[in-house]
Amino acid sequence: MVSGSAPPVRANIVLTVNGSLRRLTVDTRASLLDALRETLGLTGAKKGCDHGQCGACTVLLDGRRANACLALAVAQDGSDVVTVEGLADGERLSPVQEAFLAHDGYQCGYCTPGQLCSATGVLREAARGWPSAVTADVASEPPLDDAEIRERMSGNLCRCGAYQGIVAAVREAAR
Amino acid sequence: MRPFAYERAVSAEDALNRHTDDAQYLGGGTNLVDLMRLGVATPARLVDVARLPYDRIEHRADGGLVIGAAVRNSDLAADLGVRDDHPLLAQAVLAGASGQIRNQATVGGNLLQRTRCPYFQDVTKPCNKREPGTGCPAVHGDNENMAILDPSPHCVATHPSDMAVALTALDARVRVRHSGGEDVVPLARLYRSPGDDPSRDTTLRPGDLITAVEVPGRLDMPARYRKVRERASFAFALVSAAVALDVADGTVRDCRIALGGVAHRPWRAHRAEDALRGRPATEASYRAAAEAELAAAEPLSGNAYKVTLAVNVITAALAGLGEDA
Ligand SMILES: Cc1cc2nc3c(=O)[nH]c(=O)nc-3n(C[C@H](O)[C@H](O)[C@H](O)COP(=O)(O)OP(=O)(O)OC[C@H]3O[C@@H](n4cnc5c(N)ncnc54)[C@H](O)[C@@H]3O)c2cc1C
Ligand code: SF4
Ligand code: FES
Ligand code: FES
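The listed protein sequences correspond, in order, to chains P and U.
When you number the first sequence by the working numbering, it's gap-free, plus one each residue, and the end is 450.
When you number the second sequence by the working numbering, it's gap-free, plus one each residue, and the end is 326.
Source of the hints: derived by calculation from the structure; they are not laboratory data.
Among these hints, one or two may not hold up.
[Unchecked claim] What the simulated footprint calls covered on chain U by chain P, stretch by stretch (three residues with Cβ under 8 angstroms from a Cβ of chain P suffice, anywhere in the stretch; the number is not a length): (1) 28-36; (2) 280-288.
[Stated by the list, open to error] So these bits of chain P aren't anywhere near chain U, every CB distance computed over 12 angstroms: (3) 304; (4) 313; (5) 319; (6) 337; (7) 344; (8) 363; (9) 378; (10) 405; (11) 415; (12) 425.
Backbone N, C-alpha and C fix where the C-beta goes; we use that ideal spot for every residue, glycine too.
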């Protein structure tokens, strides 16, 4: 479908990205993913499908994991965004990053930024006692066993099939 | 994508005022942004309603809920009161999409998400829902995942929401704000059959704003959401069932049965419920009740399997509850 003849609409927004205040001008059509990658040059978050189906674009939006490809940048004005570039504390990797290294949680690495941000979100959700679709009693606060990890990470696909390492890494990071 | 203006509404009133003929409300955007990218939705203006102050869940003493339309799906499923009083609802929400999407998606947007019919999503194909009068290629085409109950020759699409199936079993209602005031609409009247106008998924008029979902007091019977899909997680339902069962002295006193993946709307299985009340709580009764519902099925060339699947899912879900009871 061709774009109509209407001119693009631009908007000024403010985001906190990996701890720094960033002012940017975006086309209202731009996704948060495009704003991060194209406007801010943060190419860690990847564009796998651009339809919410693969998780390669996962970032932490106001502390919660989200697919940046489905979020309009303009709608996130005022939000806090953490990308894979912001997970480490300087040279010190986060526990999730360390665990992915220790357990070979990747092969080609394309899905990895999304896996790392998603796993970071999973640990926070589990720490708050959130149940999942495989939790037998949703009123309980389930321990993060392998079945729970697999279900909670199911929004992140890996074409290389590094799933065994990913599950082991999340299991270790959860300890 | 067509350029569009973006505005953030600060109140329901403000949202209604900002909504023009070529506008659409924006929730989490997880469905609408995708459809805009595909060229299926072409609004000239988005009115963002995700930050309206409808982000709380009110709990009544009897377990009743008032869920704000801007509550995120994940927060609904994580709410302790919801998990205690309406586990069926938490299960259905958790059965949908992924952790990321549930963090973004709002309750209002979940209810009004559009069908996943592949022709609807492909602007190079005809589709009565997207472009009225162009025809429905799914009737004789790729229809494995289409409706088996209450289909129309004009559209055989299914409604994709898991949450809406549980809410249908729970007799939930939506609060709708419009220029003339507020209506409270039962889900059974919110969703509609395709008939000869499949372009409308619901009975809402353009500009109507959902502000909340009301759930009546807790069901005093065990309940369960069962979903069958092509892979273990992160896929839409082929068939799903929200069931509840009240058994006393081996007899079914009361029950609730709603189905997903079988019709243009979340499907309340009234025939099955009527067939089951007063019957012995046995697998044979559950199956007979399921068959009573599915007797009306009109499968297409590729989806007769759903009739068997729906009978089996209902039977197994009820049998699972019968054991708890
Ligand atoms: C890969 C993928 C897998 C998925 N799998 C599942 C699944 O298994 N089960 C399932 O149930 N869902 C699934 N979903 C769908 C998901 O649940 C919906 O996209 C989501 O719930 C929509 O909510 P939203 O707030 O993002 O809505 P939006 O995309 O913002 O809006 C959807 C529609 O609702 C309208 N709207 C939003 N809020 C209001 C309001 N308050 N009043 C009036 N109109 C409003 C919008 O105008 C739009 O037409 C999946 C989605 C994706 C991308
Ligand atoms: S089933 Fe409905 S949505 Fe799908 S092509 Fe036919 S008219 Fe369009
Ligand atoms: S690129 Fe966002 S989910 Fe695939
Ligand atoms: S490591 Fe290659 S896609 Fe996951």
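Discussion item. I'd like to know which numbered hints this structure contradicts. Please list them from smallest to largest.
Written reply: 2, 3, 6, 7, 10, 11, 12
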